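Below, each chain spelled out in residue letters.
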Amino acid sequence: MERSRSRTAAEIAEIVGARVAGDGSVAITGLAPIDDAGAGDLTFLANPRYEKYLNSTGASAIIVPIQYDGSPLLEGRTVLLADDAYVAFAAALAVFDAGPESIMPGIDPSASVADTAVLGEGVSVGPCAVIMTGASIGAGTVVHAGAYIGANSVVGEDCTIFPNATLKRSVTIGDRVAIHSGTIIGSDGFGFAWDGEQHRKVPQIGTVVVGDDVEIGANVCIDRATIGATRIGRGTKIDNLVQIAHNVEIGQSSIVVAQVGVSGSTRIGNGVVLAGQAGIAGHIEIGDRAVVAAQAGVMGDVPPGENVSGYPALKHSLSKRLHAGIRNLPSLFKRIKEIERRLDDLDKEA
Amino acid sequence: MERSRSRTAAEIAEIVGARVAGDGSVAITGLAPIDDAGAGDLTFLANPRYEKYLNSTGASAIIVPIQYDGSPLLEGRTVLLADDAYVAFAAALAVFDAGPESIMPGIDPSASVADTAVLGEGVSVGPCAVIMTGASIGAGTVVHAGAYIGANSVVGEDCTIFPNATLKRSVTIGDRVAIHSGTIIGSDGFGFAWDGEQHRKVPQIGTVVVGDDVEIGANVCIDRATIGATRIGRGTKIDNLVQIAHNVEIGQSSIVVAQVGVSGSTRIGNGVVLAGQAGIAGHIEIGDRAVVAAQAGVMGDVPPGENVSGYPALKHSLSKRLHAGIRNLPSLFKRIKEIERRLDDLDKEA
Amino acid sequence: MERSRSRTAAEIAEIVGARVAGDGSVAITGLAPIDDAGAGDLTFLANPRYEKYLNSTGASAIIVPIQYDGSPLLEGRTVLLADDAYVAFAAALAVFDAGPESIMPGIDPSASVADTAVLGEGVSVGPCAVIMTGASIGAGTVVHAGAYIGANSVVGEDCTIFPNATLKRSVTIGDRVAIHSGTIIGSDGFGFAWDGEQHRKVPQIGTVVVGDDVEIGANVCIDRATIGATRIGRGTKIDNLVQIAHNVEIGQSSIVVAQVGVSGSTRIGNGVVLAGQAGIAGHIEIGDRAVVAAQAGVMGDVPPGENVSGYPALKHSLSKRLHAGIRNLPSLFKRIKEIERRLDDLDKEA
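Line order of the protein sequences matches chains A, B and C.
Just so you know, we're using the working numbering here: the first sequence kicks off at 1 and counts up by one.
Just so you know, we're using the working numbering here: the second sequence kicks off at 1 and counts up by one.
Just so you know, we're using the working numbering here: the third sequence kicks off at 1 and counts up by one.
Check each hint, because a few of them may be wrong.
It does not matter which identical chain is meant; a pair holds if it fits inside one copy or across any two.
Listed next, the in silico EDC-like pairs over lysine to aspartate or glutamate satisfying Cα-Cα at most 16 Å (straight line) [unchecked claim]:
hint: 1; residue 1: Lys315; residue 2: Asp301
hint: 2; residue 1: Lys201; residue 2: Asp212
hint: 3; residue 1: Lys52; residue 2: Asp35
hint: 4; residue 1: Lys52; residue 2: Asp36
hint: 5; residue 1: Lys201; residue 2: Asp84
hint: 6; residue 1: Lys201; residue 2: Asp97
hint: 7; residue 1: Lys201; residue 2: Glu215
hint: 8; residue 1: Lys334; residue 2: Glu349
hint: 9; residue 1: Lys52; residue 2: Glu75
hint: 10; residue 1: Lys320; residue 2: Glu306
hint: 11; residue 1: Lys320; residue 2: Asp23
hint: 12; residue 1: Lys52; residue 2: Asp175
hint: 13; residue 1: Lys334; residue 2: Asp84
hint: 14; residue 1: Lys337; residue 2: Asp69
Read the hints as simulated data drawn from the structure, not as lab findings.
Nothing here was measured: the structure is a model prediction, and the numbers come from that model.
All chains, please: the whole structure from these sequences, using the hints.
Below, the structure is given as C-alpha cells:
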C-alpha cells in the first residue's frame, strides 16, 4: 500500500531479526493485511484466525512465528520466521513508515508563544498553537497546530503534542510522550460539596504528572488532582476517549483501552490491562498485572495478577461459571417443574 | 420557536408531500414539539407515546401518519396527513432551517493555508483553521474555525468540517461529508508489541477512508489503520463520542449511536444499527442489517439480520428469556426450598 | 504541595467555619492527601476508609468531622472540627488556590472577534480564540485560547470558556457557567429519517440553553434540539465525556458523572445523580432525586427518589437480590441434582 521504498525480503529479515525461508531476493515495496496483500507486499500472521488466508494471499512474503518453520501451508512461499511475528512486523512497519504528522521546523508565525515560555533546542510549534506564560518545552518536542500548553506547564524532550490537544496550566509531562489530538490533560477534577443549598465547587489545586514514554490517545481526559497529583507511570499506554479522574495513580507499562473510565483516587498497578469500556470505582486498588475484561464494572480491590470480568466484576473463572448458569436457567426451570410433578405423583401415591 | 418565515399549512403540505385536512390557510411561522407548541407552530406526531398531547397542544397544525385520517382525536384541527410523519416533519424543518454554522466566504486572514494545499472553487476556511502541505479540499467545502486538515489529506466536495475538528495527515474524505467539532480522524491506531521489557509502538502507517454522504458526530475518534485503511461506507451516520479502532470497516447506510466502541479489524456490514454504548470486540464480523442493542457487549460474529443484546451479547429473544429467568430467581429459590421440605416430609413418612 | 501562602491552623479554622482542637498556632503552608501530607500540610478525613492513615500522616493539621471530637486517634494532633469535613476542606482549598487557567486581560491580538460581536466589560479573549458574528459575551467572562463562540450565541456574565471548547451558533449560556476544554455545545442532534433509500438528515434547528452556575467537564457533547431546546438546569454539574442528546432536559442541581449517555428527549429532574457510564434510553423520565448507579442501563421511567442499578436497570434493592441469586446459581444446580437423586431413591423404594 505504501510505496515509498523497495527492499528485498532478506534485507527486511535482517532489520527485523527474522530468518528467511524461500527466495530472499524478492522485492518488497509495501505492507498489507494478509487478506488484502498483493505482489510486492509483505504481510504477517500472528493470530491463527487468519491462517485461512495463507493459501490465497497475494503477498510476496509473510512474517510468521518460528513454529511454522517447514509447515506445508507455506510451501513455495518466501517466509520470514520470527520469534514474535507481531514484534517483527512492527519493526518492518517502521521501515516503511512515512513519518509522523508533518510540520515545518521552527515556530510558525501564527503560533502564540508567551515571552516567558522557555523552548528547548529544535522545538517546533505549529500554526495557531498557543504556549502560555512560564511554560517550558523540552528539546526536540513538537507542538502541533492548535495545541495549547497552559501556563507554567513543563513538557519534556522529544514529545509530540498533536493538533488541538490541550495541556492545562502547571502539569508535568515526561520525555518521549505522545499526546494525541483532542486530549485534555489537567482539567479540573469533578469535585463538589453539597452545602445544603447547592453544589459548591471544590477547588482542584493539584496537578497531573505523566511519566516518560507514555502515549495518550485522542479525546482522552486526565483530570488534575484536588491536591497532590494524578499520575500516569512510565511506559503506560492509554487509548482514545478514556476518562482518568482526579488523584488516580496508574503504574508503569499498563494498558488502558478505549472508553475506560477510572474514578477518583483509585490506584492501578504496573502491567495492568483495563480492556475497553471497563469502569473502575473510586478509592480502590487494582494490583500489578491484573486484567479487567471489556465492559467490566469493578467495585472493589483486585489482587495482583487476578483476571476479573462482568458487572459487578468477579474473578473471571467464577464470572464464566455464573454466565453458564444463566444460560442454563431455562433448563433449570424445566427440571424444577418436572421435580414438582414427580413430587405430586409421589404425594398422590402416599 | 424559529420565526424567520411564514407559510400556510397548505403550502407546507405541498412541500413535504402531505395532504391537508381542515383549514389549510392557517399561517405557520415556526415548529415546536407537541407538548410545547403554540399558535403559529407546526408540530408532528410520530411516536404514539405522545398521543396524549393531541388534545392539549396549542399547535396551529399537526403532521400525523395517514392512519389518523378521520380520527376523532383530531376533530377541528388542521392536520397534514403523511405516509411517514417523521420524514414529512424533517422536510418541514428544512423549510424553517436558519442554515448551517455561519462563516464568511473565502479564506479568513487568520487561517493558515499551506502554499502547496489545493483548494477547489468556493471553498471557505474559517478563522485560525489550518490546512497543511499537499492537502486537497474539494469545491464548495467549508473548513470552519480552528479545524485542522493534515498534510496530503483529501477532502471531497461540499463537505463541512466543523470548528475544532481534526483530520490528520493523508486521510481521504468523500463528497457531502459532515465532520462535527472535536472529532479526530486518522489518529494512530492503538498498537503496541510487548518486547519483554516495554510496550513498543507498532507504527500505524495506514489511513482512513470515509465514503460519500457520511456524517460523523462530535468528539468521535476514527483511528488510522496499521496498514491498509479504516473504512466508513457511503451514507453511514455516526453519533458523538464513538470510538472506531484501526482497520475497522463499516459498510453503507449503517447507524452507530453515541459512545459505541468498535475494536480493531472488525467488519460491520450495510444497514447495521449499533445502539448507544454498545461495545464490539476486535476481529469479528457483524452481518448486514444486524441490530446490536444499547450497552450490549458483542464478543463473536453476528449473522446478517440478527438482533443481539446483553453481555455477553446473545440473540435478543434468548437474552430476554434469560433476563426473565433472572427476574424469577427469588421465586425459584422459594420453590426449591418448598421441594426440599416436601422431600423431607416424604423421607420422614418412609 | 502548594506553597504560595502561610496561615495558622486557627486562621484557616475561622475561614472554613471549624473549631480548633490542639495547637492552633501551627503554620499551614499547603494542602495534601492524608497519605501524602508532610510538615506544613493541612489534610482532611471525610471517608472512614482513610482512618488508617490518621496515625501515620505527617500532616500538621487535620480537618475531621465533629464526631471525632476527643477521639484517642487524634491525641496530640492539631484538629479542625467541622460539621462537614469535606465542605470545610473545599473552603480551605480556596485559600490556597493558585487561581484559574491564566490569561492576559483584554483581547489577544491573535484572537478573531467579529465586528458585530458584543463583549461586556472586562471580557478577556485568549490567543486564537474565535467569536463569530452577532455573538454576545457577558461582563467578566473569559474565553480562553482556541475556544469558539458561534454566531448569535449568548454567553452570560462571569463565565469561563476553557481552551479549545466549542459553542456552536445560537446557543444560550447563563451566568457563572464553566465549560471545560474540548466540550462541544450545540452540535447537531443525531436525527435521520430513512426514506427507503438512504438516511435523510433531519435538520436540527433548535438550540441549547444552559442555566446559571452550571459546570460542564471536558470533551462533553450537548447536542442542539431538533426543535425547541436541549436544557441544562441551574446548578447542575456534568463530568467529562458525557453525551447529552437532542431535546434532553435536565433539572437543577443534578450530577452527571463521566461517560454517562442520555438519549434524545429524556427528561431528568432536580437533584438527580447519574453515576459513571450509565446509559439512559430516550423519551423517558427520571424523577427528582433519583439515583442511577454506575453502568446502569435505564430503559423506562424512574420515579422520584428511586435508586436503580443494573441492566436493564431495576430498583437497587431488587437488583442486589438478583445478583445475590446469580452468585448462588452454582449451589442451586447442586441442590437440584441432590433433589433429583433423592427422588430417584424414593422412586426406587416405591
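Structure-based check of each hint:
no.: 1; hint: Lys315 - Asp301; verdict: within (11 Å within a copy, 25 Å between copies)
no.: 2; hint: Lys201 - Asp212; verdict: between (32 Å within a copy, 14 Å between copies)
no.: 3; hint: Lys52 - Asp35; verdict: within (9 Å within a copy, 55 Å between copies)
no.: 4; hint: Lys52 - Asp36; verdict: within (13 Å within a copy, 55 Å between copies)
no.: 5; hint: Lys201 - Asp84; verdict: between (51 Å within a copy, 14 Å between copies)
no.: 6; hint: Lys201 - Asp97; verdict: between (47 Å within a copy, 12 Å between copies)
no.: 7; hint: Lys201 - Glu215; verdict: between (31 Å within a copy, 9 Å between copies)
no.: 8; hint: Lys334 - Glu349; verdict: neither (23 Å within a copy, 25 Å between copies)
no.: 9; hint: Lys52 - Glu75; verdict: within (15 Å within a copy, 66 Å between copies)
no.: 10; hint: Lys320 - Glu306; verdict: within (14 Å within a copy, 24 Å between copies)
no.: 11; hint: Lys320 - Asp23; verdict: neither (47 Å within a copy, 57 Å between copies)
no.: 12; hint: Lys52 - Asp175; verdict: neither (42 Å within a copy, 36 Å between copies)
no.: 13; hint: Lys334 - Asp84; verdict: neither (50 Å within a copy, 45 Å between copies)
no.: 14; hint: Lys337 - Asp69; verdict: neither (57 Å within a copy, 50 Å between copies)
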